[in-house]
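Chemist: Make a model of the complete structure from these sequences and hints.
Number of protein chains: 2
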Amino acid sequence: MEELYSKTTASMQHSFIREILKVTKGVPGMISFAGGLPSPASFPKHLLAELFSNVITQEGDDVLQYGASDGDLVFKNIIKDFEEVPYLSDDEIMITVGSTNGIYFFTRTLIDPGDIIICEAPGFPGSLAAMESCGARMVGVEMDEYGMVPESLKVTLEKLISKGESVKFIYAIPEFQNPTGRTMDLNRRRAIIEIAVAFKIPILEDQPYRELRFEGERIITLWELARTEFNDPKLVTIAKSFSKILGPGLRLGFAAGPPEIIKPMVKWAQKSTVSPDCVTQRVAARFIEQGHMHQHVQNIIDLYHPRRDAMIKALKTHMPDNVYWTNPEGGMFIWVAFDKSVDTDKLFARAVENKVAFIPGSKFYPKGIMKKNELRLNFSYSNEEQILEGIRRLAGLL
Amino acid sequence: MEELYSKTTASMQHSFIREILKVTKGVPGMISFAGGLPSPASFPKHLLAELFSNVITQEGDDVLQYGASDGDLVFKNIIKDFEEVPYLSDDEIMITVGSTNGIYFFTRTLIDPGDIIICEAPGFPGSLAAMESCGARMVGVEMDEYGMVPESLKVTLEKLISKGESVKFIYAIPEFQNPTGRTMDLNRRRAIIEIAVAFKIPILEDQPYRELRFEGERIITLWELARTEFNDPKLVTIAKSFSKILGPGLRLGFAAGPPEIIKPMVKWAQKSTVSPDCVTQRVAARFIEQGHMHQHVQNIIDLYHPRRDAMIKALKTHMPDNVYWTNPEGGMFIWVAFDKSVDTDKLFARAVENKVAFIPGSKFYPKGIMKKNELRLNFSYSNEEQILEGIRRLAGLL
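Chains A and B are the protein sequences, given in the same order.
Just so we're aligned, residue 1 is where the first sequence starts under our numbering, counting upward by one.
Just so we're aligned, residue 1 is where the second sequence starts under our numbering, counting upward by one.
Worth double-checking, as some hints may not be accurate.
Same chains, same label: a pair holds when it works inside one copy or across any pair of copies.
Keeping only pairs whose Cα atoms sit at most 30 Å apart, straight-line, the calculated BS3-like set for lysine-lysine is [claimed, not checked]:
| id | residue 1 | residue 2 |
| --- | --- | --- |
| 1 | Lys234 | Lys7 |
| 2 | Lys263 | Lys7 |
| 3 | Lys22 | Lys80 |
| 4 | Lys159 | Lys234 |
| 5 | Lys7 | Lys367 |
Quick caveat, the hints were computed from the structure, so don't treat them as lab data.
Modeler: Structural data, given as structure tokens:
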């Protein structure tokens with residue numbers, strides 16, 4: 001039947017990360033820093049159990065019925081308050097089936113096959129795959145300590161545009177980036193926005209980890225910065241996720257941006273999901289409305305912060321010289337770079353034999369960039385003891 | 001920003017049905033036969049409230065975490081048992097965010113822009129819009145009392161193929177079709193499959209209403225028929241929905257078909273939703289596993305059957321001569337055809353003034369077919385009293 005496949009289906013890539021996760025799952029004694037999983041200890045089970053029961057009992061006639069494709073209005077309004085953007089109109093925000101869903105709809109709205117999206121290199125493969133499934137070609141821009149390098153972004157854009165390429169948007173995770181854990185500082189944010197304004201290229205800002213800040217000052221989002229300092233309310237669309245602060249199984253996220261973008265995104269939602277789960281939306285709404293979110297996020301930070309510290313400490317203790325790692329102020333990931341002689345694709349097989357897992361860095365680069373000496377470590381899923389032991393095992397293989 | 005839209009986004013149609021529903025919603029005294037809504041009285045609120053609470057308390061670590069893109073394995077296995085297809089392999093079935101989601105992924109798997117899908121005329125606009133969003137051109141085949149007319153299907157296919165068109169699949173709702181309420185009998189099912197086999201064109205069988213049979217014998221699905229009598233297990237993919245038997249707000253459906261189709265559909269899911277809501281999937285699994293579904297479906301039938309009877313009786317009592325209507329053995333809809341002089345698009349405005357609503361028949365035809373003298377009535381949402389009064393009002397306008 002493969003002869004019937006559409007062109008996009010026929011060319012669809014396999015997910016290497018899923019393969020890696022399969023190899024490491026359920027192996028006794030395996031310490032996995034590979035997945036991007038929140039800790040189950042972070043799930044507010046008791047509150048959610050109670051809220052699901054209450055919402056269905058009290059609001060079941062409403063939430064078990066068909067709901068709006070742009071999301072539950074109750075939830076939208078509560079998010080606006082929680083995010084301190086009460087002035088947003090209803091057609092500037094939509095609820096999505098997780099943030100990947102918002103990223104997919106944004107891409108579907110703008111991308112014709114062959115169009116170009118600028119992304120961070122390394123970047124998050126889940127988003128890159130969603131974009132490529134719409135026919136986008138991903139062009140990576142190198143990063144430094146503060147994220148995408150503005151000079152490189154500018155040169156890349158100039159080169160592409162002079163070749164007549166259709167560059168549709170810039171995709172970035174400014175906070176605790178996946179995979180590097182890096183955060184754009186305020187100057188970098190300004191520099192990136194200036195370039196986007198100059199080239200008239202919109203930005204898709206992905207913010208899955210923003211709430212998980214362990215230390216340092218919260219920085220204004222690209223989205224807020226463009227609206228306020230740059231007086232350009234249409235430049236940035238933001239995609240946010242409840243996966244890291246409530247539970248990924250609930251599949252909830254939202255997107256906020258100009259009505260010209262959100263409205264067609266809602267049309268794509270109508271045609272592919274009809275709406276997100278209405279019961280779950282209302283439960284999340286009541287969770288926030290009843291004031292549980294701030295304390296709950298603090299609980300997650302109290303869980304992850306010592307795990308990051310444990311991982312950094314273990315890296316310092318066990319890693320040989322000439323190994324570099326990022327020191328993220330939050331989120332879930334640390335990025336490690338070795339001497340160029342180390343090939344982490346090869347290291348992976350030996351690591352799994354020794355019951356420790358990571359994702360090789362090569363999996364995070366868009367086509368055309370081949371870097372082999374890096375890897376991503378997740379510190380949210382394993383406890384401190386596992387982290388110390390896992391890093392010790394890993395360092396022993398070098 | 002519209003200049004940045006992708007071609008598919010720029011050409012996307014507005015949903016007339018959504019506009020109609022907006023006009024009729026919340027108007028005091030309005031009796032609406034327009035929507036396709038289940039009755040809130042059919043929602044098993046007490047059971048669901050209890051199950052959500054139990055599942056999160058007992059299985060929260062699992063179901064609040066990221067889940068598989070093909071769906072919760074527990075739920076998949078319970079569905080296989082419930083549908084009496086325990087022999088299906090795991091890559092022949094996937095859970096979807098409602099059945100429209102399955103229809104979208106199926107279409108995305110097979111359709112390149114410009115490819116053709118054969119559909120019933122009249123057909124369900126929600127599915128047709130999902131298909132058109134992937135760039136499909138819809139070609140309608142006329143229906144009689146038993147659904148798509150085989151001779152017309154054959155002639156249509158011959159004509160298209162002789163013109164070199166790429167016909168990718170046939171889409172049908174064989175049971176209590178939306179909008180007509182008609183059901184394909186066994187002979188018709190055989191005839192349609194024979195043609196599909198002869199032309200080597202797969203079928204997408206949409207079965208949202210199958211469980212809601214008030215009378216008459218259950219008929220074997222196209223999917224089962226192709227697998228058994230025709231020994232062609234790859235011909236038919238089936239899309240099913242829990243919207244009419246649990247609650248549309250839960251956004252749950254599933255698709256079953258050959259691995260060659262389900263596997264790429266799962267890849268599309270990975271890239272656009274990651275997975276359906278894992279909590280909701282497990283709740284639906286426990287609902288079925290604990291044996292509630294059969295009684296619950298009987299309760300819905302006991303609710304809708306008298307409503308259908310009331311509507312048929314009211315049509316007989318109030319409608320003038322020369323009006324035809326279908327007499328569905330189940331489902332949610334009755335199709336009414338008037339004398340050619342009646343224009344139901346015009347009738348709609350007068351009906352809404354008189355506080356009764358329906359969907360004009362013209363909204364159910366793919367491009368190129370223009371029929372104005374029909375309309376769709378929903379009988380699941382209004383109670384008997386409202387049904388009698390609403391049909392009286394409608395007939396009074398003729």
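Chemist: Is it within, between, both or neither when you check Lys7 against Lys367 at 30 Å Cα-Cα?
Modeler: Both: 19 Å inside a copy, 25 Å across copies.
Chemist: For Lys22 and Lys80, with the copy left unspecified, which applies at a CA distance of at most 30 Å: within, between, both, or neither?
Modeler: between (38 Å within a copy, 24 Å between copies)
Chemist: Go through the copies and call it for Lys263 and Lys7: within, between, both or neither, with a Cα cutoff of 30 Å.
Modeler: Both: 27 Å inside a chain and 16 Å across chains, each within 30 Å.
Chemist: Should Lys234 paired with Lys7 be assigned to within, between, both, or neither, using CA atoms and 30 Å as the limit?
Modeler: Between copies only: 20 Å across chains, 33 Å inside a chain, cut-off 30 Å.
Chemist: Go through the copies and call it for Lys159 and Lys234: within, between, both or neither, with a Cα cutoff of 30 Å.
Modeler: Within one copy only: 25 Å inside, 48 Å across.
Checked against the numbered hints listed earlier, the structure breaks none of them; every hint is satisfied.
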